[in-house]
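Dock the two chains into a complex; use the hints.
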Amino acid sequence: MRIKEEFCKGCFLCVWVCPVDALDESDRRNEKGYRLPEQVGRCTGCRQCEMICPDVAIEVVEADEG
Amino acid sequence: MDVEDVLRMDRWPHILCPGCGNGTILNVLARELAERFENGDLDPDKTVLVSGIGCSSRLPGYFRLDSLHTTHGRPLAFATGLKTANPDLEVIVITGDGDAAAIGGNHLIHAARRNLDVTVICANNYIYGMTGGQVSPTTPEGDVSTTTPYGNPEPPFDLCELVMGAGAPHVERWTTAHPVQLKAAIGRALDREGFSFIDVLSQCPTNYGRRNGFRDAREMVEWLRENTSTRDEEGKIRIGILRDEEREPFHARIRKVLEKAGGDGD
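Heads up: the sequence lines are chains A and B, in that order.
For the first sequence, counting from 1, position 64 maps to 1099 in our numbering; every step adds exactly one.
For the second sequence, counting from 1, position 78 maps to 115 in our numbering; every step adds exactly one.
The following block holds chain B by itself, in its conformation from the complex (with noise of 0.2 angstroms):
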């Protein structure tokens, strides 16, 4: 199976901005997809996207599979009833900083507390692109966005010290600039039974860039592969695996109570 019999290709070219790091997160999920659909690892009638608002919420609409576009910041809410309703299903969720840390915050936490079987795709991109270029809550200290135009005076979230405090057993961060490591990443996830968090730094040359420094798209990925590192280095982002333990999920804990209630767990 190529990856063009995975995406809706009638629709191209997509929505999404020259350079977006968005685009090349489409791009290798498609990959991954097309390779365990190909070789039977995935069954595409039993895997879905669920996504809640903003630029990285439009990409399950280009997937040639079945999936949620919900309400802003409430992906995790809906994925958590379809997963609980039907442990079949492979369930990922595409979400964004502003989608997953702002508004969708508790959410999140409480995804990760449960241990919920999702693969969780975060676009962190340090802005909500979509609506204009406001502050978000991952925008680094001193950056300029739309509604901080004299450099944002709060500290930014680190999400995936934020889901490994809640709990989640399988926690990584890459960025748009390692796409063959993102892609491994993703075949973890989808390998991993429990709440798996891939945190994916990315760019928004739109909204983003071009009011923090940088040129173009290339300027962005450069910094993001200069400025991050798979060992504690002073100074720079740690990428990589940072927690890949197992717990039992939460949709097993739920049919141990229904089973308890008097129920058959269905």
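Bound-form chain A, shown alone (with noise of 0.2 angstroms):
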């Protein structure tokens, strides 16, 4: 998963629709003090977190085999 920190403002509707809690709040902050979600669990590529992102923020790439 792939998040566009620049474009984040932290309203964490990533972490609310994540099925599997994979993603969370982190303390980290944005160039603007906005603060960023991260991920913390394994992903299972729904892509909902990609597509409710208001600000168009997030990219799930899959990951590499290995």
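Across the chosen pairs, the derived CB separations fall in these ranges:
id, chain 1, residue 1, chain 2, residue 2, range
1, B, E178, A, T1079, 36 to 46 angstroms
2, A, T1079, B, E270, 20 to 30 angstroms
3, B, T168, A, E1094, 25 to 35 angstroms
4, B, G77, A, R1064, 40 to 50 angstroms
5, A, G1076, B, K83, 37 to 47 angstroms
6, B, E282, A, P1054, 32 to 42 angstroms
7, B, E256, A, R1077, 18 to 28 angstroms
8, A, P1054, B, R150, 37 to 47 angstroms
9, A, G1076, B, P177, 28 to 38 angstroms
10, A, K1067, B, E283, 40 to 50 angstroms
11, B, R290, A, V1055, 46 to 56 angstroms
12, A, G1076, B, A122, 45 to 55 angstroms
13, B, M46, A, Q1074, 18 to 28 angstroms
14, B, S266, A, D1062, 29 to 39 angstroms
Derived contacts from chain B toward chain A, CB cut-off under 7 angstroms, selection only:
id, residue
15, W49
16, P50
17, P55
18, G56
19, C57
20, G60
21, T61
22, N64
23, V65
24, P216
25, A254
26, R255
These aren't lab readings, by the way, just hints derived from the structure by calculation.
Here a beta-carbon is modelled for each residue, glycine too, at the ideal position from N, C-alpha and C.
Below you can see the structure in the form of structure tokens.
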């Protein structure tokens, strides 16, 4: 999962929508001061976070095997 | 084609507030269009976005497509001219509850009655967000806005019932808590010939939520998910496909009139 930190506004709808709790709030902030989400668990690739993000700041990428 | 090829990413981050439902609508619309441009279902040079005034009406400016940002309440009036003069265009109207149902209410019902072949995406966030949170035609009874500080005394419009009453053949209602279903609904609306209306219940955390007991956008989408149902359930707002029929669109009827009048239809 790739979070485009410069676009994030810290609304955490991604954390809300994730059905497997793979995302959580972090204490890190971006340049504008918005708190960022972080990946904390295994992503199943449902892409709901990618679609709900109001700032189009999440890209779900397939991990390389191994 | 990637979503970033459809959007003007040089304008990012966009103007919308943190957690704004319009952003989710922008996101899913961009993804649906990117897929269709990629597989050839739609031609980007023949796809036009039309909007009126309001937060939702800012969305077309973020797309790498031809767009019309028109006067308040009049996106459907402009879209009528656009589609009738050039039926080859795929016309998508992005509007809000204030734009579509208040100042643009007459354009909405007549576009539905005529069966104008456009896709209307109505970001229904119950409030005039851009101008500071005034009551709108869809603000629920009793809710607080800057112009109804003691609670809204008026019953709200059900926009889907309104356009179905006016004859709209394809009507759906979803929410920003259902991005996957919303994307599919936009796809169906683009496939249908005729007036397609999608009422998207959306959140305005800045000017509606904070005055009505919601602490943030997450609480608002949680409310939207918990208080809506795809079945008729007591106390819940009905979402899903509310009507899916076919009827001859306006531009086809107008062509017939032109032929009858002796022209070649162009």
